[in-house]
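Engineer: So you can see what is in the structure, the chains are spelled out below.
Number of protein chains: 4
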Amino acid sequence: MYFASDNAAGAHQKISDSLLKHSSGFAGSYGASDLDKKVEAKFSEIFETDVHVFFVSTGTAANALALSASAKAGGIAICHEDAHVIEDECGAPEFFTGGCRLTPVAGDGGKISINTLSTIMSDLAPENVHHGRLMATTITQATELGTLYTVDEISALADICHQHNVPLHMDGARFANAIAFSNVTPAQMTWRSGVDYVSFGGTKNGCWCAEALICFDKEKAQEISYMRKRAGQLFSKSRFVAAQFDAYFEDDLWLDLATHSNLMAQKLSNGFENSSFADLAYVPQSNEVFVVMSPAKALKLRENGAVFYEWPLPRSHSSELSTLVSSGKQLYRFVTSFQTTPEDINKLINILNAD
Amino acid sequence: MYFASDNAAGAHQKISDSLLKHSSGFAGSYGASDLDKKVEAKFSEIFETDVHVFFVSTGTAANALALSASAKAGGIAICHEDAHVIEDECGAPEFFTGGCRLTPVAGDGGKISINTLSTIMSDLAPENVHHGRLMATTITQATELGTLYTVDEISALADICHQHNVPLHMDGARFANAIAFSNVTPAQMTWRSGVDYVSFGGTKNGCWCAEALICFDKEKAQEISYMRKRAGQLFSKSRFVAAQFDAYFEDDLWLDLATHSNLMAQKLSNGFENSSFADLAYVPQSNEVFVVMSPAKALKLRENGAVFYEWPLPRSHSSELSTLVSSGKQLYRFVTSFQTTPEDINKLINILNAD
Amino acid sequence: MYFASDNAAGAHQKISDSLLKHSSGFAGSYGASDLDKKVEAKFSEIFETDVHVFFVSTGTAANALALSASAKAGGIAICHEDAHVIEDECGAPEFFTGGCRLTPVAGDGGKISINTLSTIMSDLAPENVHHGRLMATTITQATELGTLYTVDEISALADICHQHNVPLHMDGARFANAIAFSNVTPAQMTWRSGVDYVSFGGTKNGCWCAEALICFDKEKAQEISYMRKRAGQLFSKSRFVAAQFDAYFEDDLWLDLATHSNLMAQKLSNGFENSSFADLAYVPQSNEVFVVMSPAKALKLRENGAVFYEWPLPRSHSSELSTLVSSGKQLYRFVTSFQTTPEDINKLINILNAD
Amino acid sequence: MYFASDNAAGAHQKISDSLLKHSSGFAGSYGASDLDKKVEAKFSEIFETDVHVFFVSTGTAANALALSASAKAGGIAICHEDAHVIEDECGAPEFFTGGCRLTPVAGDGGKISINTLSTIMSDLAPENVHHGRLMATTITQATELGTLYTVDEISALADICHQHNVPLHMDGARFANAIAFSNVTPAQMTWRSGVDYVSFGGTKNGCWCAEALICFDKEKAQEISYMRKRAGQLFSKSRFVAAQFDAYFEDDLWLDLATHSNLMAQKLSNGFENSSFADLAYVPQSNEVFVVMSPAKALKLRENGAVFYEWPLPRSHSSELSTLVSSGKQLYRFVTSFQTTPEDINKLINILNAD
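Protein chains in written order, with this note's numbering: chain P, 1 to 355; chain V, 1 to 355; chain H, 1 to 355; chain F, 1 to 355.
Each hint can be trusted.
Each pair may be met inside one copy or between any two copies, as identical chains are not told apart.
The list that follows gives simulated cross-link-like pairs (lysine-lysine, DSBU-like), each with its CA atoms no further than 35 Å apart: (1) LYS347 / LYS14; (2) LYS267 / LYS347; (3) LYS347 / LYS297; (4) LYS38 / LYS297; (5) LYS21 / LYS300; (6) LYS347 / LYS38.
These are computed hints drawn from the structure, not numbers from a lab.
The model shown is predicted, which means the values in this text are computed figures rather than measured ones.
Isolated chain P (complex conformation):
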């Protein structure tokens, strides 16, 4: 009953097999191998357009590189106040960009609203050397609270960004879960809706280390290649990242794995919803479930082997949620993964509901 993080799940058998299969022989290094080229072409096929693909070692690196591609003196990037880039990356975006700023904004359910973005960008738009100037907006899909932006919302956010001549970046650490949950294609969710960069994560969804920055703007690609190398993020044996993605995309494994973890999250959330001992904090749209319950119940779950985190109230939260939590209960996060089983969920819910 391991729900602490999808990072805690290992690697899918097919990913490991692919690594094994490509272990022998010799191949070009630093991205020059045939396998690297094949996978890059596969990304273009998936996104239905020619994309530039930059393998990096972590999602943090992908996010920071994307922002550094837009960096300028006095640059300001807008993000949600609960976003990974500002909460969990130790200042990597600021470091990679030479000191640009992240300006956090509030928003329900981990999402930046169209109105909020419009207001803050208008507020910061009049360029002058004192205030600094807009350089990018970054959103997370699926969000840190397990919710999703609709394609219409993404389009509207992108429009606002482009009116101000700055790009829209999508942190897709759980991009597969977002695609699997919704009924849209990768192209629709990204560049067709105006997204300029995607941090495409495979690690949380069954790879062991497969992260890529996807760049739809050819003119930025050369710059990024230097920025990546300068950041110590160019793998010599790059083909082993390629090998993971090769298996990841084969027969839509990536969507199968994400569909599974999403279904497990649904099953888990149903269990919580039907329990008198728990209250769902958000309606899950990917593989994260946030729930409010008593510390006593949490303790009981843990004593029976469940692993999960108590979670601080998001900086942006509804008054209902804070009321729930303030009454002696706590917020907890459960993350499902490709390795989560229905049996584990049944067991968890049974323990929860046992008097």
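With the hints as your guide, set chains V, H and F onto chain P.
Structural biologist: This is chains V, H and F only, laid out in the frame that chain P set:
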């Protein structure tokens, strides 16, 4: 007959098997797993002292992190003018350190001589805000030319550094080859000789991505952990780097692989030495062989399937070498690896010597 | 009737005379002159302790240098959300610190409250490599809204900082006004209350370019000297900054000038208070007066020669203030200076009150 | 007899008078005053083209800003190995550019030769992510050794730069001396010869703090304005820099002062040349004189009141010079300024030649 780079070799079967073996189940992320802890302890055992181990994605990242741990305003790090840090890392050391400077010095055989280091450090030692100030020295072991520093040389270099209160860093991208070739322990080659940081590379020697910064100074360790995260270099599924090192160290696999590639380099260099069509540029002490021959011979080798690089004259080179090269011949680099076979070398030398 | 900014006032005659007086002859450069030494000693006398004084060209540079003296990977500095460092310095603090972050907090009257600081620092205190870690707090005295922290408040804020092992920096762009208004000594307002760095501004108060970073911590001084030079902030003819401060401190000119501008602000605020056409937004405690009035009245003042800025609502503001402003009125800022005359104020108020 | 540095000379009376004259009244800050605009127009007149002028506090800041305008990931700027940017700026260029590299090259008389630049740029031109890439070349006019580039040389250097699509920057800390000595216009010496940026120094030539970055490329100007502010280099009372330049250009004061100091350098160098106790190291073409003499003679001069520096051998130096110096003699630097008098020089030479 693939001699272009040890980066072009794949991964050893035992490394891949270990990745496969550790794929299932759940484990702590970001270095918290039991396997991470086990491997960290193994490093301490190998170095015969408690070390701090920082897994990173590339040797460039390890080098840049080590230097950033010593960074200060106006900081100057001394390196060999043919070193990887200054020739092949796209400014990563400068970027990580917030703009510190690498000051290159000349030296025969890819090595900084004791006299040279003593002179340059004395020259730069009088601290004033105009010139800047010393912050570190970095050497490569084995060097970029396949040669080795002796333990006495390392001790003497470290003494000079410490007289000036700056640390000595060792870029050990081919550390295993250096240990396997010499008759000294990892402890002797490093901290017992005064080395403060080692970039410990496993990738070139049969891993697919296993690089670590080894820090002997406990006080610096906490800072480095933040610097690593800020650089997007903290793997979420860190245990898969640990899994590689676990197999790498098991039954001294690392030394066996390095011994093999060193022997292949010796065999290759013997073949060149005994040929009337080639002149060795350096006596190889690890797994790189530099040889001068005619472009016609190089072409013939390539036409028969050999893969290797023409190599520019090192910035530091003897007059003999430049004379050799200027007479219509070229310098070429051959790198052996754990996958190099005696058959390949025999075949290569036979082609070379065929009329 | 020039109330746009104290930066718009020229230089006091005695400052200019001192520049003229010290123009002839030769003297040591880069801070080595007798005059530099004399002024440094004078700073120590004023602050009643040995201080390190770093002349820089702007208040922005002083602030950014102070923060860079505390910089660390993942570093977070707390500031008020309306502070100059985050609103008006184009990311200089982030740039100087290599990408550290300013975390803005709300607070009435331009001030960080003790409770707010205590909460945010406790919130951010548990160090981990994901969130980053505290590195400093910076306050402004007098604040951007013309208000003052009491010595007790400063002490309490400093205590919280020191409990978390980070320094407290004071942006003293209008330090003279703060001292002149209150009944405390420079020592009491700073290091005796726990302040570690002061950006000591002379420019707004009658100098033409006289800014200094005052450092009470001897151990940091050497580092700052390199950081200043690296930032291109070490004047070759440093003695001309010294010449300004020399006159500035002579016979307490600095306090006389600040007292005058404070009195002018009081007179102006009295005028507003007694007018039925204006509402004071804050009780001024230095030389800035914020007032709410109708755009028609503002236009009339301008048509009659008054120069002043319409001001956006501070990010932190009371509901009363936003109510006032939302009813068709606007917030305006008036800044007095050593050149402001009672006649100008009388004239302004008369125009305001003329039906 | 003060020859230590032109930085040690004070300010010319007309400069101080102008500061005094513009002290009263109110004016726009941050470069918005009429005086700022007037001086900017004057720069355009002097350079016979529309230029963008950025006042900064030091020559180091001007140089670093110019290079940061060309910064890119992995960027490499070529400079002379004895240049101020690499010898005396504490890493400011690297800091401002986010870690770009200065690659020093040798050259007689403080000058980069056309052949040297052509070779190094061709060597570094093939862009790849490992080596980094060219971003700029910077030369000093007059050089640190008091010599001058001819207009033909500048044109040839600029052509090489532009073939590689990088700009040529001129560090003109002693630009006035260069113009006054040669028979060419500011336009000819700069943009008509292909120079893209000039650090225009007034401080060494009679101002107290008047430095400007001149940018001939309109497209870069907006970026530089943000970079300047971010570096804490935007003066609030910018008009006082303007006031200095206003007097500096009035009736060609700048050229008169430079002509004077150049003549004093000629007189001094004649004195050395005609003495049997001294050997000129370089033929001076501006206001610096380098001479070799015995330490005994130097001591005697100092005992009689002369102030000057012993100077290390330039990194680039002729064998003749090193022979001269190795024979128990030393190299010394004498700098003349607008305040140097013929009497002082006569006196110095008389003391030198007295048995």
